[in-house]
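Engineer: Residues per chain, in single letters:
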Amino acid sequence: MSIAAALPAGGHHAPSAGPAPSSRSKFTPYFLLLPAGLALIVFYVLPTLTLATTSLQTGSLEQGYTLTWHWPTYGEVLSQYWPQFARSFGYAAGATILALLIAYPLAYTIAFKAGRFRTLMLTLVVAPFFTSFLIRTLAWRQILADEGPVVSFMKATGLMHLTDALGMTQGRVLATGLAVVIGLAYNFLPFMTLPLYNSLEKIDRGLLKASEDLYANSWTTFWKVTWPLSLPGVVGGTLLTFIPAAGDYVNQQFLGTISNTMTGNAIDSLFLQQRQYPQAAALSLVLMVAIIVLVSVYVKRAGTEELV
Amino acid sequence: MTTAMAPGREAPVTVTGTGLQVRGLVKQYGTFTAVDGIDLDVPEGSFFALLGPSGCGKTTTLRMVAGLEDPTAGAIYIDGDDVSRRRAYQRPVNTVFQNYALFPHLSIFENVAFGLRRRRQQNIKKSVMEMLELVELAHLAERKPTQLSGGQQQRVAVVRALVNKPQVLLLDEPLGALDLKLRRQMQLELKKIQTEVGITFIHVTHDQEEAMTMADTIAVMNAGHVEQLGQPAQLYENPVSVFVANFLGQSNLLRGTISGRDGDWVTAATSAGTIRIPAARCSANGADCLVGVRPEKIQVEEIGTAAATVPSGHNSVTGRVSDASFIGVSTQYQVTVAGGQELTVFSQNTGTALVRPGTDVVLHWDALHTFALDGSQDVRSGMDDPEAQ
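Note that the protein sequences, when read in sequence, are chains A and B.
The opening residue of the first sequence carries number 3 in my numbering; numbering runs sequentially from there.
The opening residue of the second sequence carries number 13 in my numbering; numbering runs sequentially from there.
These aren't lab readings, by the way, just hints derived from the structure by calculation.
Mixed in with the good hints there might be a few duds.
Below, a list of computed lysine-lysine pairs in the BS3-like style, where the Cα atoms sit at most 25 Å apart [claimed, not checked]:
1. B/Lys138 to A/Lys226
2. B/Lys137 to A/Lys226
3. A/Lys211 to B/Lys193
4. A/Lys204 to A/Lys226
5. B/Lys137 to B/Lys204
6. B/Lys203 to B/Lys193
7. A/Lys211 to B/Lys177
8. A/Lys204 to B/Lys156
9. A/Lys226 to A/Lys157
10. B/Lys177 to A/Lys226
11. A/Lys204 to A/Lys115
12. B/Lys156 to A/Lys302
13. B/Lys203 to A/Lys226
14. B/Lys193 to B/Lys177
15. B/Lys137 to B/Lys177
Computed Cβ-Cβ distance ranges for the label pairs, DEER-style [as the list claims (entries may be wrong)]:
16. B/His151 to A/Arg138: 22 to 32 Å
17. B/Glu142 to A/Pro130: 52 to 62 Å
18. B/Thr43 to A/Arg118: 49 to 59 Å
19. A/Phe114 to B/Pro104: 24 to 34 Å
20. A/Arg118 to B/Glu142: 25 to 35 Å
21. B/Thr43 to A/Ala304: 44 to 54 Å
22. B/Lys137 to A/Ile145: 33 to 43 Å
23. B/His237 to A/Phe114: 50 to 60 Å
24. B/Val209 to A/Trp229: 27 to 37 Å
All C-beta atoms, glycine included, are put in the ideal place defined by N, C-alpha and C.
The following block holds chain A by itself, in its conformation from the complex (with noise of 0.2 Å):
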């Protein structure tokens, strides 16, 4: 068999024969191809499938669930679960950006300033990977706590009055909209650093000084070459952090109350708790089309196709 595929096509003793494709090759991408496309059937399509029937049945836990193709649920999550859908959207979003700010710096230092530190740097940022996430995630409760030290920081300057004034936080900081966020920032900053610092990294030093020796000083050359420049970089790492923050409830579940809770933690409760399976699936459903929609609309809008 091995034999066989390693013959040319048709070729039992053709002297002549060119590198005329096998209908065996042709068929190589495919099979090459099948692993990965069995799991994606097994592990995406299927429980993708199931979820959607799951959506349209009616019934209890106790008479089990038939399949009604009761669209009227969908209508119930949305106008029941929209704060949780707004606030998962708000608090990705915020996460996403306060990740950009912290983590563009980072990856631009270590791209371009940290000569032979950028190796342990590297590690550094992916360090935390070694601790478990619920651990991580439970000692921001300390950090964040009332008498803990931010809070403090934040009493002594005055910042406090700021954000409460913004509505991030009511007069603490644990169990506010803007713990949650900062929980959420500090769990995907590697998801965001390490695309941002590969296209930083491949950025042609050369540009650089070719935009200084064309009249930009270092500001200009910073938005005009620098940064355009690490655009994949940018969309791929809020990419990484957008769409598993909006889809997250543990930081939620640690550093939030119940009164601001995300759409995460309504299908938890949907699924584990209140046992009503049909809306736990249509919410789980409304959250992955809202994500898929809008990360088309951003993708788009930042026109990546055009970078190099």
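Keeping the supplied structure of chain A fixed, place chain B upon it in accordance with the hints.
Structural biologist: Just chain B now, with coordinates in the frame of chain A:
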């Protein structure tokens, strides 16, 4: 016009005049000195070449003029102003980079307009299109750099710098990435552009032919300093160091001792006999010297033939042909002269018969073509650079 000054930036002497002046320029990286006290005078509107092997400091010198490297010491004057402390974007110079460094995210038009936009110039569209027409690329204005060929990118890089009308245009091996045929074509084109715009060009190259074709003045650099500065023909005909004699073309160098001086002439004793050298072409400091003559200046005659009489005013030595290779346009002979030294001779193919190896010959050349270099130098200096081919 130019006031001489001692190297070192604290010297309070100002240089007046147009063009570019470099005084006592030094660049050190740690303990390594890349540029070791360079002085240059580049008249306004001239085509100036910095020529040397890789690592001789020519590119570092250029980058210091551009402001892309900070000099350790020294001053750089453009039209009389010391610009050596100014940032690159504050200097009236522009650079054509070796790998072009075109901005990949901008169109050709925006690449060329980049410098004009930074300085908020008027009529940007008109200036850019005029420049693109100069190099016949106006129809590609909306393309991205990656959609252009190497030669087209090179021309965009040139006009992106030129459109700013700099006082000095710096070219850092701009033709290095092109193939030979395109390189020859671009050499002529660059020379033509320079004549048209009249801007001072400083061209860095390791290609001696390129430098001689294009430049009005060449500074030959070696190991961080200028070996010799002059017009191409002057450098070729009258090199003052072994490095220059070998780096520009090929030279025959015979070890000898200065044996006498008589007005305009110097005589040197070599193992092959006494040779006369014009005093103006003798740069030997002591008695030890290296007597030089270019291979194409030498005539080869078989001993015993009628033509073997040496014209008056010629130097002559006798020897035996050890090797002869017929190249077509010329024949290259290796001749071993008395004392065992070898001379190379390029003999024009003017119809005379080939001299066979083993034949005793007399070599003679016009004494005016002889030069003498200081004998303390390494005879092979400037010879073995692979890039100098």
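Engineer: Which constraints among the numbered hints does this structure fail? Numbers only, ascending.
Structural biologist: Hints 3, 9, 13, 14, 16, 18, 20, 22, 23 contradicted; others consistent.
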